[in-house]
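Asks: Residue numbers (my numbering), protein chains in the order written: chain S, -2 to 300; chain W, 79 to 503.
Please keep in mind that the hints were generated in silico from the structure rather than gathered at the bench.
Keep in mind the model is a prediction, meaning the values are calculated, not measured.
For each residue, glycine too, the CB sits at the ideal point set by N, CA and C.
Treat each hint with caution, since some may be false.
Stated by the list, open to error - Simulated DEER-style distance windows between Cβ atoms:
1) S/Gly159 / W/Leu289: 33 to 39 Å
2) W/Leu289 / S/Arg197: 51 to 57 Å
3) W/Met410 / S/Lys85: 27 to 33 Å
4) W/Arg475 / S/Tyr248: 54 to 60 Å
What follows is each chain in one-letter form.
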Amino acid sequence: METAVSLRDVAKVFGSFRAVDGVSFDVPRGDIFGILGPNGAGKTTTIRMIMDILRPDEGEIRVLGERLGDGLKDRIGYLPEERGLYRKMKVAEMLEFHGAIKGMSRTEARRAALLWLDRLQLGEWKERKVEELSKGMQQKAQFVAAVLAKPDLLVLDEPFSGMDPVNQSLFKDVILDLNRTGTTILFSTHQMETAEKLCRRIVLIDHGKVVREGVLAEIKAGFGRSSVLLEFDGDGGFLRWLPHVIGVDDYGQSVEVLLEPGADPQKLLAEASSKLRIRRFEVVSPTLHSIFIALVGGESPHA
Amino acid sequence: MHKVLTVIRREYLERVRKKSWWIGTFVIPLLILGLMFGMVSLFMMRTEQQRRIGLADGSGALFEPLQEAVAEKKLKDGRPQILLERLPLLGSVEATRKAAEPRIGKKDLYAIVTAEKDLYAENAFRFYGQNVGNIQIIAAVERALAEVVVRVRFERSGLAADRAEIERLMAPVDLETFQISETGEARKRGFNQAIYGTFIFIVILYMALLLYGIAVMRGVLEEKSNRVMEVLLGSMSPRQLMVGKILGIGLVGLTQMAVYAATAGALRMWVGAQNIQGDLAGMLDSVSPLKMAYFVVFFVLGYFLYVGIFAAIGAVCNSEQEAQNLQTPVTMILVVPYAASFFVIANPDSMLATVGSLIPFFTPILMYARISTISPPVWEIALSIALLLLSIWLVFRGVAKIFRVGVLMYGKRPTIPEILRWARD
């Protein structure tokens, strides 16, 4: 398997805190790959090491088959979690700058920038200053800066955070488009719904360690149809402590109960109906969301 | 290289496009020039009005010689500037003045000068007028009066009766200063004027080193706080970013300094062509092409020495308030040679000045001050530049590491020992 990114036993230590602790995974070329995990799991640190912004204290990272170096950065597009643009520059000029520092000539960068601006309906704003743009438009401009130089690998750290649904779906389409034309996509998120829709493979990180890694469909299959959707009246707090229950995800109106693989949902129904008034009972495939919660020990990913 | 050039271009254009930079680069020197010309021409301008001054002379010996003396100063049309009128004595000098005073209010008289009977008495001479700020008139009267009174004293003492001999005795003693220039040629020169010219450029050097250093610091802080930093680091190494930023802003400063030096050079040529003598010419002597070249060289070297430290401060801080604390000691180091330059200009070849100008952090200002006032030995200049280059190299070795670690640090500012540890390993 040709890999776009490969990590071997990578660790990063800040003082006495091991932010990333022996992480290994491979991102195949042409894939859409998700790094999932709760806040503080080590996602951003991992991504910064892939971008050669931080140096790992242990282990080895190879990107696009090479060891990290400055020339390599030209082939990688990067959208950091904390976004920033030169606010005083004009949009087209700013994009031209971002293209040029990726090794493009300025005319080439300008042409590409104008194409992208038109595609994202930002063409009329090209001569305006960045600070005049609305937040949504700035998100678009920032995205263009990352993809301008036709990267072989696009690294996105929490790309959808803070976006309205319109932009979310726009960027999802653009990312899929780029992927179809050969760009490998690596992104981190704690929004399981997005990851579930986009990713072919994922790695789940918690406390700096890999909890699960592999093809998303296979990970889900490992849990089988072992999830139960329940709606009821009464206090369902005891459900978490029943035998064979791995996790409970409370949505308020309903709960999703994740069972151990092979456990019998009928037993759960019997236990539950003895104490609660059941209004709905449905056996389903577990969502990535509930798997996530079960695996990282009940910490809410939205915390 | 392409990346560094792109950063340099962006930094340069962003700053050069600012109105404040244009004002600082072109308008302020023009204002200073205008002010200088204004002062010089105001000073040289003659009041085109004839002034009638009344003399109440208690001694009775002053009128004729004084009239003769003040008549030497002529208006453009050839009439004497001051017209002296004898006020007939009415009992006392005091009474004479009082009687004539209303004529000043009626503009009939410009002023009244009184002289007591005893020419040796303290405060024997007084000037009364509505406008006592007209230095030209007062100076002219004073000069004439001094000359005349001393002559009368001589005559009365009987030491010398002959008028020619009196003039010989009274011939002024003038100490002329000569400067041995770089070419070994002795040139007549006023020391005071040399100080002005040197001092203007020392102020510029001090301000430029401080302001452009702080500009780099602010630039780094800004990129940290608006989070552009991480996007940039996704495209280039911290070293490339730092080099690009420092060179870009340095070029902006260099452009400005070159404009200043060229303006001074042009003014010097113009003054040379006009054959103007005196204060202005003396002042411009300190802006010879060689001295201006040294000025630019010491700006560049000083900039590189200080800017590294400012860049590192920007990298480890999160806000300007935080940076202020770290910035203060650096500013202090820069203030020392600036303050010492007063002494160094006055004693450019003293031991203290020589040693001070060889300390790298003081070299840019102090060595320039010495070059501008005397011609220090070439080996001293060469040594100071060598030490400066060595210090720049040492500073940057540490700064590059601090920058790399610092730019992505948010949150608590590291302590100075921590920062120094980064610089070492």
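Asks: What hints, given by number in increasing order, does this structure fail?
Replies: none
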